[in-house]
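Peer 1: Listed here are the chains, written in short residue letters.
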Amino acid sequence: MSSVDPDGRDEPGAGGQAPSADDVDDPALQAEIANPADSNQPTGADVAPAEGATSADDEPVPAPGAPGELSSDQTPSQGQERGDSASPAADDVGQVPGGDAGSPDTTAPAATPPTAGASAPGTESAVVPEQPPPTPTAAVREGAAAERSRADKAAQADEAAEVADSAETPEAEVDEAAGRLLDTLRSSLGDDLQQTHVAHGREVWARVSVEAWRRTAEVCRDELGLTYFCFLSAIDWMPSPYGRSEEPVAGDEDADGGQQGDGDESPATLEHGYAGGQTRFQLLARLMAPVTSVGVILKADLPDDDLRAPSWAGVYAGADWHEREAWEMYGITFEGHPNLVHLYLPGAFEGNPLRKDFPLLAREVKPWPGLVDVEAMPGEGDGT
Amino acid sequence: MPELPGLMKGLGVTLRTMLKPAVTTQYPRVKEAPPTRARGVIALKEENCTVCMLCGRQCPDWCIYIEGHKTKAPPRRPGGKPRTVQLLDRFDIDYSLCMYCGICVEVCPFDALFWSPEYEYSEPRIADLLHDKDRLGEWMDGVPEPEPLEAGAQAGKR
Amino acid sequence: MSAVPQNQQRAYVSGQAADARVNVELETDGMTLNIGPQHPATHGTLRIITRLDGEQVISAEPVMGYMHRGYEKLVEVRTYPQITTLINRIDWLGSFANEVPFILAAEQLMEIEAPPRAQWIRTVLFEMSRIANITLFLGDMGVQLGAITAVFYAFRDREHVLNQIEAATGGRFHPNYDRIGGLKEDLPKGWVAETKSAMDKVRRFCDEMETLLLGNEIFETRARGIGVIPAEIALNYGLSGANLRASGVDWDLRRDSPNLLAWSEVDWKVWTHPDGDSFARYWVRLQETREAANIVDQLLDGLPSGPIMAKVPRIIKVPAGEAWVSTENPLGEMGYYVVSKGDLGPFRVKIRTPSFNNISIVPWVMKGVYVPDVITILASLYFILGDIDR
Chain A
1 MSSVDPDGRD EPGAGGQAPS ADDVDDPALQ AEIANPADSN QPTGADVAPA EGATSADDEP
61 VPAPGAPGEL SSDQTPSQGQ ERGDSASPAA DDVGQVPGGD AGSPDTTAPA ATPPTAGASA
121 PGTESAVVPE QPPPTPTAAV REGAAAERSR ADKAAQADEA AEVADSAETP EAEVDEAAGR
181 LLDTLRSSLG DDLQQTHVAH GREVWARVSV EAWRRTAEVC RDELGLTYFC FLSAIDWMPS
241 PYGRSEEPVA GDEDADGGQQ GDGDESPATL EHGYAGGQTR FQLLARLMAP VTSVGVILKA
301 DLPDDDLRAP SWAGVYAGAD WHEREAWEMY GITFEGHPNL VHLYLPGAFE GNPLRKDFPL
361 LAREVKPWPG LVDVEAMPGE GDGT
Chain G
385 MPELPGLMKG LGVTLRTMLK PAVTTQYPRV KEAPPTRARG VIALKEENCT VCMLCGRQCP
445 DWCIYIEGHK TKAPPRRPGG KPRTVQLLDR FDIDYSLCMY CGICVEVCPF DALFWSPEYE
505 YSEPRIADLL HDKDRLGEWM DGVPEPEPLE AGAQAGKR
Chain Y
543 MSAVPQNQQR AYVSGQAADA RVNVELETDG MTLNIGPQHP ATHGTLRIIT RLDGEQVISA
603 EPVMGYMHRG YEKLVEVRTY PQITTLINRI DWLGSFANEV PFILAAEQLM EIEAPPRAQW
663 IRTVLFEMSR IANITLFLGD MGVQLGAITA VFYAFRDREH VLNQIEAATG GRFHPNYDRI
723 GGLKEDLPKG WVAETKSAMD KVRRFCDEME TLLLGNEIFE TRARGIGVIP AEIALNYGLS
783 GANLRASGVD WDLRRDSPNL LAWSEVDWKV WTHPDGDSFA RYWVRLQETR EAANIVDQLL
843 DGLPSGPIMA KVPRIIKVPA GEAWVSTENP LGEMGYYVVS KGDLGPFRVK IRTPSFNNIS
903 IVPWVMKGVY VPDVITILAS LYFILGDIDR
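Residue numbers (my numbering), protein chains in the order written: chain A, 1 to 384; chain G, 385 to 542; chain Y, 543 to 932.
Note that these hints are calculated values from the structure, not bench results. C-beta atoms are modelled at their ideal positions from N, C-alpha and C, and glycine is treated no differently. Careful: at least some of the hints might be erroneous.
Here are the computed lysine-lysine pairs in the DSBU-like style, where the Cα-Cα straight-line distance is at most 35 Å [claimed, not checked]:
id, chain 1, residue 1, chain 2, residue 2
1, A, K356, Y, K726
2, G, K415, G, K429
3, G, K429, Y, K726
4, Y, K738, A, K356
5, G, K415, Y, K738
6, Y, K738, G, K454
7, A, K366, G, K429
8, G, K415, Y, K743
Label pairs and their calculated CB-CB ranges [what the hints assert, rightly or not]:
id, chain 1, residue 1, chain 2, residue 2, range
9, A, E364, Y, P861, 43 to 49 Å
10, A, G351, Y, R856, 34 to 40 Å
11, Y, D885, A, E335, 43 to 49 Å
12, G, K415, A, V341, 18 to 24 Å
13, A, V365, Y, P846, 47 to 53 Å
14, Y, I600, G, D516, 57 to 63 Å
15, Y, V854, G, L471, 30 to 36 Å
16, Y, A735, G, T409, 40 to 46 Å
17, A, G331, Y, D749, 52 to 58 Å
18, G, E416, A, T333, 42 to 48 Å
Kindly generate the complete structure, drawing on both the sequences and the hints.
Peer 2: Here's what the structure looks like:
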């Protein structure tokens with residue numbers, strides 16, 4: 001505990017408000033005091049694990065009601081501190097999310113608020129760019145960058161404190177858990193953990209390679225205690241060729257997607273969300289630890305020409321139906337699934353409805369009534 | 385098991401329940417009075433409508449059909465220029481599609497649409513559920529005044 | 543593991559064993575029994591194909607999709623304000639509760655927070671939809687076990703709650719009252735007092751159910767030790783809500799999820815039961831209903847005054863990003879994974895509904911039970927078809 005706290009405090013220059021935290025022995029109290037102090041650093045999440053850090057966080061459950069308290073996060077600094085102090089492992093934990101983004105420099109300036117990609121709003125920049133999976137070296141580099149940026153940060157810390165406070169709402173104690181979670185994922189999955197992202201200081205996104213999909217589940221269940229299966233699905237990142245079928249503001253005929261189903265967009269236009277990605281289809285799943293409500297959102301890229309993934313049915317029994325649904329909705333085959341048959345759709349159904357290039361007929365057969373000059377609808381023009 | 389006391393107790397409950405009035409309403413004879421806010425049917429105040437199409441565009445179900453045309457209206461002040469106004473040709477709501485979400489009423493910037501708690505307009509033919517603007521105008525009679533708000537509410541929004 | 547009293551477990555097992563012996567003697571043939579899709583125990587249209595050996599179920603395979611409406615596809619062509627009206631219809635008995643996690647997810651992406659009064663009213667209505675939902679279960683479970691009175695009481699007392707929901711929101715079943723940044727409008731005058739009296743009726747109803755069903759010998763025999771789900775299995779299948787708490791897992795997102803609405807402002811308790819059987823599930827839900835009534839009362843006492851709407855742009859565009867928010871809905875954990883690309887509507891929404899997971903345990907839990915118990919277990923798992931099929 002003690003080793004961590006000081007770090008936290010030194011760094012963000014939060015020191016000003018913080019001193020009292022040191023004096024308190026009770027970890028819970030300490031955490032409480034420390035949090036507000038550190039709040040300028042949003043990131044905490046990545047940081048986390050570490051030595052004694054946890055104990056404080058485990059206990060206190062801050063009254064959710066008090067927004068002020070909530071918004072504070074601690075630790076960001078700790079991450080960096082540890083990073084520079086060295087073990088690469090420690091620091092890549094800290095940095096992965098933003099870090100692999102490889103644009104440490106872009107991140108850093110934004111650093112006032114979040115850094116390591118940990119916290120929500122600010123992070124976008126760090127995360128969005130497509131980057132090769134983080135390698136340890138990348139992480140290290142990032143660590144260094146973080147160090148560099150630390151100086152600025154310290155400088156800005158005071159203003160940052162307020163800004164960050166209002167801007168982010170990471171939770172101290174969950175931060176801790178999120179960091180620990182990332183740490184374990186990293187050490188257990190190695191290179192198969194391709195990219196991570198932390199938002200609001202506690203929601204963890206992790207993208208893993210599809211080969212490690214099942215192993216990830218096992219790690220989550222056995223090592224991380226995420227025994228509760230939340231959901232499994234997929235995302236089709238291709239922009240819909242049909243548009244949104246309506247465009248309330250600019251309602252011209254282009255906006256009404258009906259006419260323009262001109263087919264495939266090149267995958268070049270794919271824009272992925274948190275934790276990045278390279279392919280059109282991504283698996284999406286969430287696992288949670290009961291009681292603590294710590295969870296992780298997992299993603300995995302599926303090669304466009306080979307939509308296959310290992311089944312989770314043997315790890316989480318609940319995944320059975322979710323995989324059947326993903327299979328019929330996206331056409332992803334889950335290998336090792338005991339009974340991959342239609343769940344919702346009739347057996348003879350053709351197509352994969354949730355793919356973006358599957359037309360939503362209800363919106364195709366009828367013109368958008370918001371158009372000014374509509375021809376009469378079939379069977380409706382006579383006023384019935 | 386003491387069976388007799390149990391039986392007596394049970395019969396007691398039956399007797400008490402028998403003497404209580406029924407909680408159900410005998411519908412066709414006794415009408416239920418819905419609360420003021422109940423979303424029963426949408427009423428159209430035609431003179432307020434400027435054919436801006438907002439309701440039709442925001443409708444999640446696409447069940448509002450509007451047509452209008454531009455025309456000249458006499459100027460507001462004598463000597464002014466004649467105004468261009470949109471006149472409503474057609475305003476239909478297809479109640480067989482409507483989900484009663486109330487988005488059209490909310491987005492209407494000119495207060496031309498209102499909720500009325502009236503609920504008795506079922507039809508044997510589904511096509512008759514398409515209410516045209518005259519039919520929608522008739523519902524205006526049933527539109528209640530906005531009710532006062534609970535203590536602690538901030539006045540202003542309707 | 544569950545803690546069904548030893549003697550009951552033994553009785554149950556030996557009963558099964560005895561029957562198995564009989565079956566061997568009679569050389570029963572396998573038989574397929576099709577339950578539903580129009581069976582009253584299925585709350586809609588769920589079909590369960592059971593294969594029987596005599597009176598015993600060898601396998602049970604739910605077939606669904608009769609009510610699949612494809613919400614995940616539909617919301618992709620709708621704007622954020624339009625979506626609340628759709629998702630109302632997922633769990634139609636507790637529909638306000640469906641809106642909340644979605645709105646919270648959108649608010650999270652927009653970094654908007656609803657003012658306190660709105661949060662409190664949301665919590666009140668959330669709990670009222672819980673009551674509206676679960677009271678029906680409390681009565682319905684009686685019907686499934688042959689006690690028809692209970693369901694009439696349930697419908698009667700649920701009406702008071704629905705009336706209050708309608709008075710505030712305008713819709714009995716589909717409130718569409720939650721907005722990004724707050725609520726549609728404030729409560730009507732006199733609503734608080736009327737709601738409190740409705741809550742009294744709910745509490746009285748719970749007492750009534752307690753004496754009527756929980757104390758009933760037949761009910762107990764038919765529900766105790768039936769459909770036991772151990773905690774690990776429940777978690778593995780992703781069971782949530784009362785089904786999970788009845789297996790002894792002390793987990794309630796209202797308490798354990800940080801910063802959600804106003805639950806942390808009031809004093810309440812999460813009920814769990816160690817047994818994991820049908821009786822435990824009924825018992826937990828009964829306590830929860832009572833607790834919900836208490837939460838509503840407390841919240842109404844402390845209702846803060848002020849605005850009910852935060853500053854929100856007139857045309858709502860949600861910044862690009864992803865958000866996951868789940869809440870403890872009447873049926874369990876309901877969550878929305880919202881992917882936004884900065885448009886008027888979401889790019890992708892994954893809707894995690896509790897009933898889907900809750901019912902996925904059916905093939906596991908039905909193995910080896912007797913045919914009448916199938917209905918008990920189905921009723922006690924409590925699902926809403928719209929919530930399974932989405």
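Peer 1: Check each numbered hint from earlier against the structure, then list the numbers of those it violates in ascending order.
Peer 2: When the structure is compared with the hints, numbers 4, 6, 9, 11, 12, 16, 18 turn out to be violated.
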